[in-house]
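Student: Per mature numbering (1 follows the signal peptide of the UniProt record, and there is no 0), the sequence shown runs over residues -44 to -1, 1 to 359.
One thing to keep in mind: the hints can contain errors.
What the hints assert, rightly or not - Within a straight-line C-alpha distance of at most 27 Å, the following computed BS3-like cross-link-like pairs (lysine-lysine) qualify:
1. 263 / 131
2. 144 / 187
3. 196 / 144
4. 77 / 104
5. 104 / 144
6. 56 / 268
7. 131 / 101
8. 180 / 144
It should be emphasised that the hints constitute simulated quantities derived from the structure, not laboratory data.
If you're wondering where the values come from, they're calculated on a predicted model, not measured in any experiment.
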Amino acid sequence: MGPGGEFRAGPHNETFQMIDTVLRFARLCASLVLLALFPARAVADTCPEDCTDPPPAPVNIYSQTTSGHLSPATAGALPRVYVPNRSSNSVSVIDTVTLKEVDRFNVGSKPQHVVPSWDLKTLWVANNGTGRNGSLTPIDPMTAKPGKQIPVDDPYNLYFMPDGSAAIVVDEAMKQLDFRDPHTMALKSSLPTPTCPGINHADFSADGAYAIFTCEYGDGGLAKIDLKNQKVLGHLDLSKMGMPQDIRLSPDGKVFYVADMMNDGVFLVDGDSFREIGFIPTGIGAHGFVVSRDGKRLYVSNRGSHKMEQGKAKGPGSVTVIDFATRAVVAQWPIPGGGSPDMGNVSADGRQLWLSGRFDSDVYMIDTTSGAVTRIRVGVEPHGLTVWPQPGRYSQGHTGNMR
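Using the sequences plus the hints, can you model the full thing?
Tutor: Encoded structure:
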């Protein structure tokens, strides 16, 4: 204090005032940060009493396979349908604009499926031959011309690890899965599947942790495979002895649909718990699956016969349309004059469903709005055709199972 009791500032008082100013500024900054991070809770009248966080967006594993999602890797690819003619040892090439066969070239013995590679740059023809004399024929989608065959044991079907690290050759005759380099097809390892005779078709869980393969022969069933550790997790016997064929995962990633040729319908299987949860009747010889371009419906090809080979031409073949959301049949399209629809895919815009006519030497182009059918003549016993290009980030194999 100075004379008369007046206050005089000293060095200590100035220090206290400075500290007080700094603390006030720090409290103000902290309040502003809290308001920025938690505006709904900081300002009570902006949120009603029952305010909750919004629900997470539903899973849709086909969200990147809708129209408009063509990968840059497919730029310049010719718009074609590639049809493996099993008994002609050839591939027919169809122009999707003119709907005419524009080329046919020879491949290996017994071509079964035309399979897009994981990186979308090659189409592989799986020539499973007999036993160990099989091969894979690469096709360049930019030119629609084949390359040099690569000898591979019994490649009935072909898939790819979800991360693209390996190709999975389905060695049906040897009851095993062969993990190969996805580019050179050099063998890396093999996984025996002795409890799955006739192992042939597969699909992958939404997270890519496991795959479920169908077992065509024996009592018919499914095998669940741990992909990371390459081991068999279990075998599921379906409630009705049959002959399971194609398999496809629902958009929400929860249910696997399994076509059964002998039971004329589709089994529903919970993938995580690996148990059967339902059955949907479709038609005679339920065989193949194609997901609609919007990911909302499943096209089921009913081959019209219970025979694996040499079935009758012009049989009662049909296509059943299942709504994924309700699991109900919403349409049934018979093949006019009879037919044997097998495997295929849809066009990039989703307007055309392409299926091989296994016992009729035909390919069917089906209008997905009306179900009207156009026939195109090809080689003998056409099987797993693919339509190219397809929307999607990568291929998991078969005739274009895209994600």
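Student: None of the hints should be skipped; say for each whether it holds.
Tutor: How the hints compare with the structure:
1. 263 / 131: holds, 22 Å
2. 144 / 187: Holds: residue 144 and residue 187 sit about 15 Å apart, inside 27 Å.
3. 196 / 144: violated, 36 Å
4. 77 / 104: Holds, at roughly 15 Å.
5. 104 / 144: holds, 21 Å
6. 56 / 268: Holds - the C-alpha atoms of residue 268 and residue 56 are around 25 Å apart, at most 27 Å.
7. 131 / 101: violated, 32 Å
8. 180 / 144: holds, 21 Å
This entry does not satisfy hints 3, 7, going by the numbered hints stated previously.
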